[in-house]
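Hints given; two lone chains; assemble the complex.
Single-letter residue listing:
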Amino acid sequence: MENEKLTTSQIFVITVFSILGVDVLVVPHNMVTLVDQDAWISLILGGLLLYIGAIPFLYLLNLYPDKDLPQIILQVAGKWLGRILLLPIIIFVVMYAGMSTRLFAQALKLFLVDKTPIWIMVILLVIVAAYVVYKDVHTMGAVLDILFPISIVTLIILIVLSLQNIEPDRIKPILFRNTKNVLKAIIPGFYHFAGFGAISYFLRYAANRKSACKSYLLGLGVPVFFYVVTTVICIMVFGAPPLKVIVYPTLNLSKSIEFEAAILDRLESFMAVFWISLVFSSLVLFYYSSVRNFSEFFSIPGKYTKYVILAHILMLPIIALLPPSSLYVFELHDKVKYMEVLIGFGIFPIVTVWAAIKKKRGMQQ
Amino acid sequence: MKKAIPPILLLIMIIDLLTLTGCWDRKDIENRGYVLGIAVDSYSPKDTKAKGHEAKKEEFEETETAIGQPIYEMTVQIPIIKRSPSLAASGAGGSSGGNEPKTWQISQVGNAFISMEREMESRTSLTLYYEHLQVLVLSDKVLKDGLHNMVDFFLRHREMRTSVSLFVAEGSAKKILEVVPQEEDHAATYLFELPINADKNSRIAYKHNLGEAMNCLRSGDAFILPRVEASKDEIKITGGALIKDGKMAGWADELDIEVINVMADKYQGGTVIGRLPGSDEGIIIMEVTSSKTKVTPVIKDGELSFDVHVKMKGKYAEQVGVTSGGLVDIEYIKECEKEFAKTIETRCKKTIEKMQKECNVDVFQLNRKVRTQKPAYWEEVKDEWDEIFPNLDINVKADVTIQMIGVMK
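Going line by line, the protein sequences match chains R and X.
Mapping to the working numbering: the first sequence position 125 is 125, numbers consecutive.
So the number in the working numbering is just where the residue sits in the second sequence, counting from 1, plus 1000.
Mixed in with the good hints, there may be bad ones.
[Stated by the list, open to error] Here are the simulated lysine to any residue pairs, SDA-like style, with alpha carbons at most 25 Å apart:
1) K1292/X <-> E1353/X
2) K303/R <-> M1013/X
3) K1311/X <-> D169/R
Think of the hints as simulated: they come from the structure by calculation, not from any bench.
Next comes chain X alone, as it looks inside the complex (with noise of 0.2 Å):
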């Protein structure tokens, strides 16, 4: 015969499927307000009232602060999706479809970053979602006055990612946001996706991500934030910020990015120039294929000092200012290959001796090899490091090998 259920295994029965069949959390996809990225400059009341829709569009950036003053602007970039379905075939279909703003930028002033993003829910009918935030930009004001005191709330929200993109403008973060990019529908998304090319271009900073720079920022290290400058309807990354003690300490120019590339052992790909062998004006361009750098610490007569090996391998790629091909045999390879490592080597030594004496920050990081390899002698200088590093020896050899010369001789 067939048993009967239980009553306490039906009654748990019941409980589970009343109780596990729906969900707490349940948001409609198209109730989110899907926030791309993120531009947080600083804030100072303006002394002139802007006038008619522009003053009504200021007083509701304003965001009432029960304790201090605003002194941070946040702009938010959501993408505008037309839910009413006319709006949508009229965009799609219309002439006019393709002068449609694409992202609404929301600003926002106040002094935590929180309260500004429940402000900002006041203007819009869409929950702010940030689980698909890719850039986060900020302006140099913002940074000189110290990241490590602002990004806690980029940090410790549950949404946020360690793999957001940090970016720095010089100026204003909100124009960066507000660039219409040609080949991309949102600015947020054309400038996560402009480091792709990190393996083409060495000059774009390797590191760069929210996770990165907690990193540092816990440890103490300095650390490179790439620099975004925008024209109406393009970004381009250009040097990067130097930050050290969570503040902003400095500019690095392109060349110095690329320095910086090399001796973090992140250089990805790019092009290295030489002189033409025996000639005054003539250029040679190398294509770096592979890159490895091993920087080791070396204490000799209680003297710390650095000694950086880079091996680059690559391709002939050009010459300019001769007559094409012709030049190429073993020996002459040779001579470019030491050409190649000279203009490395001096390179090298050119932004190690910016960032020792004119900027005074450890951007590459040795203090970290020091930390990691001599921990005897880290020990004894950890606090007069700043005076230590603008005086450190640190010698750089290069050496360059070319495997391949392309189609001609």
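Same shape as in the complex, but just chain R (with noise of 0.2 Å):
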């Protein structure tokens, strides 16, 4: 399991997966919400905080190439304070995954399967989910390598057919008396983009690391890019208002494409192929972090890694279901994702500068 490498192009892959989730559903509908018709440059901005807090981290990584976050932070902190440190990340982790596979399945039921129970669909991902993680990183890499073409080109095609409705007018006065809530929404903004930690997971199996660092930060560009289009293309089709009432605009908008030809009559379900895999992927790379985390908390050797895994197929549905209603899970998504920023901008400095210092007075000594 330890020699096997991931491609350059494969960590590119797993840092597009792992920011751009579930949330391409909502990203529209929640940024309009705050922001009205400017939510795209609060997302834009949201995308600079994204670099500003990928940079270092990936300077930390770099202090210690063979291991992993949780590695890391307990040798850096220290065994007692290294695990009060690793418990808010592995409490957002858990339930990143665990709200992301509720949000996927209330969707899917909502656009697709009206009788099918919620709590199999959950079961189901997760366990499918589960294959995928108790296999290797390269298995992982290899799936979502797969499945990445896949999905990208759906949205593209979704994006591109959607130019036909728009109304370039509907996204006009740009920043009108807005200023002030378009700076509030930088963090909400930043925070759609949880999930750039995931790489830390991933980075110590690099082939080539130097250019793995660089796809790193490249990749990190397509879910700003995909989120702050997407907001664009709503806006322009539906307008801000309407946007306010609409849950999940990315589907709706796959609704509102219509054709003389019959052929693309139910263009909603065709599109389910790239959130399906977008759900499928992120989940998968947040599931193996949150068993690295557990195992490296409860210090468990790798021949029990399995046990742990399997401890996330009861997991994670227990708290995908945990929310009694649609309304619930949005309000508890938003507030896991609140704990990114947290993490980003909280954690991970601390344990940079603290690493930073410790390997310089090791180099002096």
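So this is what it looks like as structure tokens:
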């Protein structure tokens, strides 16, 4: 397992999928609710913030090239303090995985399979993800590599086809008496990019570390681009006021496309290709991260990892099925993502600075 | 040596095999009732009861309501697909085949659409299915009571599509669906395909689907829905209904629709008429091939006005009232261009004035132009737009270019 390597393109794909998750369905709605038609500006600024968070983080990872995040934290901060620092990350990862699964099942139920119970969809998705995680990092990279072009191409098709419905006027006025809201929404804009830390569990398997780092930074741009473009298109197609009441604008977008030829009459079922594979991929990544987190937190040796994976098959559905109704899911999903802000701008910098100091001292001795 | 499959892997594989192969939502295709069109009328309890067969039908159509009185009558149209092979054979081969009804209109009265729909399920062996819904016809009375307060079901239901076309019928909407069309099997399909000719006939209102209606309702913009009329075997799109604040505020005739399409820059093609230059009797007609409209809000000394610039290109298509051919040269075409431009300008002015003074409906969505292009001004006037709109100065200028003259001079 240890000697498997990830190619540079796989690192790129992992980066994209770790951020581009179920959020693609709800980003336009969430952002427009906060900032009306200027939502895309906040998202771009949030994207800049993403880079501000990610570059020092990459530096931290490069200080310990053969370790992943929980190992680094435990090494830097020691046995006990390290575990305290790790705890929020553990909670975030496992909650994020659970909430994405639930959101996914909810949207699937709403748009495609009305009578299938939510729990069965959740459990199925988790089991399939468990199987991929049970294999090794290399398998995960390969699976995501296959899913990547399919889902991205479908997303691009959706965007291109939506162009026939746009009215560019709807995005105006730009930044009119709205600057305050735009600035306020940078943090929500940033937390939609939650998951940039997932790379820390995979970078150590990179075959070529230098180009892997480059492709990581490049990969971060992809979700930012797609979120901004999807939001802009949604605003241009629907206008800001209707977007505030549409729960899954991206799916509605696919429903609003019409053709004279009847062959693409039900485009939204075709569109399921992109978002189901998106959610599945991000679940796989977070599943693996969570397994690593728990293993390190409880110092579980490598040969017992499969039991941690098994435990997740139980734990993830329970978390996913915790909220009683869809409205609670949205609320909880948002709260979980706020944790990313805390982690990205609280824990990561602390650890980075700490590690840098430690390294320097080590060098002096 | 080959390794045995670990038990956990085997377990996962078995669970996957058992659960991933079935389908929870399986529904046989022949058990679905494909709703092609829905008509909504307003309903008030009748005094006189029908007799015999009709009475039973009316009784079926009542929905018991726990709260409130029935106020709407909903009619769904489903195609009759013969399931039993003997029926199908006699329908296709027999001489009586042509007279058999091809659709079934089920009506139900009630005050909520979902409960009416569920009540219908007790009258049909099919499960009503809305993914293929094509048209929604509303009666003018329903619209006068408010589109905004009845449309929720059609927007919230997961099977509904935002591309469903909306139409308005004066009087009974149900009658539209009862038409037995000549060229199609079902009235709903027929009606849905009618606006395809919008590139030939500019008198068909440009945007009329559910998604657009919802966008306009949410943004508070006025809009137009095409109006349909029916004879026994024909449906015609004629004019439109003006919707303001979610309610119907008046009718627009066919010529108005033409102008509304021009103003919205959604003019796809049609004809423009003009006087024959230098004559009082003859007329000339242009076939429009492309049209572009630019509406610019102008603020001068705190007063808002609009500059509308229409650019049309077309073919010289016909001259009536004079001998065929022989007139066309460069000078003549220039005169014609002026004539056409004059017609467009006067027509636009007439409709604009009607919308401003008579109806006071901003169906051109000028408020949107102000909102997007002059946001500061809009903040000041947005509450009193109703008073400002009727007195707006709207200057229309038309430019016509004739590019082709047909096969003779």
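Numbers of unmet hints, in rising order: none
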